[in-house]
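S.K.: Take a look at the letters that make up each chain.
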Amino acid sequence: MSKYTDFTTVSASETSVKPETEKKEKKNQITPVTVDPSSRAKLLEQKKKLHKIRKIQEWGLFTGYLTPSLVGVMLFFFLPLLMLLKTSFQKSSTNTDFIGFANYERVLTNEAFKSASLNTLTFAGLAVPLAVLLALLLALLLNSGLPGKSVFRSIILNPMMVPVASVVLIWQVFFSYNGVMNGWGVSHIFGSDKLDWFKSEHAQIVILVLFIWKNLGYNMVLFLAALNNIPGEILESAMMDGAGAFKRFFAIKMHYLSPTFFFVAIMSLINSFKIFREVYLLTGDHPTDKLYMLQHFMNNQFKKLDYSKLSAGAIIMCVVMIIIVGGLFFAESKFDADVEE
Amino acid sequence: MDAEIRAQRRRAATLARRHVFTEVPPMTSFFDSMSKEERDAFFKKEKVRSVRVLKRRKVTKTIRITICMILAIAVAVFAIIPIFFTFLNSFMSSPEIKDNYGIIFESLSGHMADKGATYLTKTPTLKLVPQKVSIEQYKNLLFMSPTYLFKFWNSIILVVPIVAGQMAVACLASFSFARYRRKRREVLFFSYIILMLMPFQVTLVPNYMISDKLGILNTNWAIILPGIFSTFSIFLLTKYMRQIPSAYIEAAKLDGATEWQIFTKIALPTCKSAIFALTILLFIDYWNMVEQPLVLLTEVDKQPLSVFLSQINEAEIGIAFAASALYMIPPLLIFLWGEEYLVEGISRSGVK
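Line by line, the protein sequences give chains R and C. For the first sequence, my numbering gives the first residue as 1, with consecutive numbering after it. For the second sequence, my numbering gives the first residue as 1001, with consecutive numbering after it.
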């Protein structure tokens, strides 16, 4: 075939196709619908109305799901807290005169309250970091290629399940004056032949041991989960680049662990405020000065039926808790922002 | 020579860039300058060295693992020993218990009653294995002391309604918090979190006041109702429900599912492990409670076993271990049954 014939056929086909495509384009063209502007506004209004109704419906639906909880929380927590706020400014439960901050003054100058809050805070200050760090170390230990990891995990998690009341007896066997610890001569560390641990200066240590015993497992599981969540490729590539174990830990693992750190710290803090339970079960209503916790103070006020003092104390604690937790949340949000960069 | 090779390479590279293929000079290797004997000797040496390095690595690894193992075993022993002790001692006969631990509780009861403690300078005999296994303690406990069984029942009728009620309320509420996220809801949720973080010292006072107003003080309702509406499980469950992929929910909606269907067919099944874990956690927490009954139930008869166990004294030391052991059996059984769920539930709660 010669080139000429080729060209002619192409041109012929081109000419024959062209009109068809034009026709198609015309067919596909959308003819503009002319809408009366007044009806258009009506439509828009209807749409808006429907949207509003849907929004209200959605709100109602989900509020319905929330209602049982909301009613209960309002009735048993928020409302009485408001009542508390009111009574904290009153002279007593029978005499409803407004006396300003006198109750708060009374509580804050109370020696028992001071020592109780000091003890509670010291305990939290000791127990929370210790519980977090020990749990982290333990999690790293179990994560270092140890055989039988899950067995250790469930054994260490066991104390969490055991009610405190059940192990009180054992704690007494170990730490009382004629107890096992003195028999082993552990008290020599603290410079005395025999110690009545629950009454001594070191009473908080006993409670601390109990606290750690109970909370180690829970915190460890949280850290183990976080450690497992660290992508292996990143650790591997760091290893290839020659990062040692310490460098890998501080540069990579800490980054991934930071939200868990925050969570564990908050949970430990909550639990450290619950330590009254252990103290009460071990030493009863009136422990030594070192173990006199805030809850002891509150219980004694309950017994005296001094409501105004009680409510002032509760409000003070509430405010302090909000400040602590707010601080923690603030720190976390700052830290998180750093991590994301 | 080095410079020469480099120049050769450079030339080859420029040629290659111009798409003119010439023969690239062969790579010179480390071994080229060696004779055959030298090379063999080198390989032999390297082989010996590598074997030695590998051996050393293996040894250090085994040392590391043994140290880790010892530490882990130490912690595990520390964790398990109090439980172990309680169970073993519960099989001792009462006279044996008195022989072994009598002095401990003599001094203790003295210090509790503040009447001049009897400080004897004896050391107790810590015995692991009972001389003669007897179920005397359990027999005494179950058939001779009705108070114990009564308190056990008290614990059960307090804990079961709280756990069931709180889970039901929390499932509904957290579904709402997870699906409907507007600004005011988030504020409400935050206030729930704050409420969750409040220690008993704060929440007990309002609980006491409202129970007083409602006239339920000193009844079980005073503990059950605030327990049901506690916000702890709402916080954790909402965290889980927000992790449900929105694609699931959208797909269900396109298929015409109502919100209730989404709740029962998607939200609840996907959060199954979390719900189990939370149930276990709540059960332990309330099985363990001391503060609430102490304040809200002034009648000793109504108080649960946890409070009662701490009041066991010298006279009842014979059954104390069995009582403690029986008290920890229900949570331990639950733990054995649901350990997988519990671990998974806890694990997912801490990771964002």
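Since the hints were made in silico from the structure, they are not lab data. Where hints are given, some of them may not hold.
Pairs of lysine-lysine residues, derived as DSS-like cross-links and limited to a Cα-Cα distance of at most 27 Å, are as follows [to be verified]:
id, chain 1, residue 1, chain 2, residue 2
1, C, K1058, C, K1047
2, R, K304, C, K1213
3, R, K49, R, K114
4, R, K55, C, K1302
5, R, K48, C, K1183
6, C, K1253, R, K247
7, C, K1058, R, K52
8, R, K55, C, K1265
9, C, K1213, C, K1302
10, R, K199, R, K303
11, R, K91, R, K55
12, R, K49, R, K86
13, R, K91, R, K334
14, C, K1061, R, K47
15, C, K1239, R, K303
16, R, K199, C, K1213
17, R, K253, R, K304
18, R, K334, R, K86
19, R, K304, R, K114
20, R, K47, C, K1139
21, R, K253, R, K149
22, C, K1213, R, K86
23, R, K253, C, K1061
24, R, K42, R, K55
25, R, K149, C, K1055
26, R, K149, C, K1213
27, C, K1058, R, K55
28, R, K49, C, K1253
29, C, K1183, R, K334
30, R, K253, C, K1253
If you're wondering where the values come from, they're calculated on a predicted model, not measured in any experiment.
S.K.: Compare the structure with each hint and give your call.
M.R.: Here is what the structure says about each hint:
no.: 1; hint: C:K1058 / C:K1047; verdict: 16 Å, holds
no.: 2; hint: R:K304 / C:K1213; verdict: 19 Å, holds
no.: 3; hint: R:K49 / R:K114; verdict: 60 Å, violated
no.: 4; hint: R:K55 / C:K1302; verdict: 49 Å, violated
no.: 5; hint: R:K48 / C:K1183; verdict: 21 Å, holds
no.: 6; hint: C:K1253 / R:K247; verdict: 49 Å, violated
no.: 7; hint: C:K1058 / R:K52; verdict: 71 Å, violated
no.: 8; hint: R:K55 / C:K1265; verdict: 24 Å, holds
no.: 9; hint: C:K1213 / C:K1302; verdict: 20 Å, holds
no.: 10; hint: R:K199 / R:K303; verdict: 24 Å, holds
no.: 11; hint: R:K91 / R:K55; verdict: 48 Å, violated
no.: 12; hint: R:K49 / R:K86; verdict: 44 Å, violated
no.: 13; hint: R:K91 / R:K334; verdict: 43 Å, violated
no.: 14; hint: C:K1061 / R:K47; verdict: 71 Å, violated
no.: 15; hint: C:K1239 / R:K303; verdict: 40 Å, violated
no.: 16; hint: R:K199 / C:K1213; verdict: 39 Å, violated
no.: 17; hint: R:K253 / R:K304; verdict: 52 Å, violated
no.: 18; hint: R:K334 / R:K86; verdict: 36 Å, violated
no.: 19; hint: R:K304 / R:K114; verdict: 18 Å, holds
no.: 20; hint: R:K47 / C:K1139; verdict: 76 Å, violated
no.: 21; hint: R:K253 / R:K149; verdict: 20 Å, holds
no.: 22; hint: C:K1213 / R:K86; verdict: 15 Å, holds
no.: 23; hint: R:K253 / C:K1061; verdict: 22 Å, holds
no.: 24; hint: R:K42 / R:K55; verdict: 20 Å, holds
no.: 25; hint: R:K149 / C:K1055; verdict: 25 Å, holds
no.: 26; hint: R:K149 / C:K1213; verdict: 53 Å, violated
no.: 27; hint: C:K1058 / R:K55; verdict: 66 Å, violated
no.: 28; hint: R:K49 / C:K1253; verdict: 22 Å, holds
no.: 29; hint: C:K1183 / R:K334; verdict: 22 Å, holds
no.: 30; hint: R:K253 / C:K1253; verdict: 40 Å, violated
Hint check: violations occur at hints 3, 4, 6, 7, 11, 12, 13, 14, 15, 16, 17, 18, 20, 26, 27 and 30; the rest are consistent with the structure.
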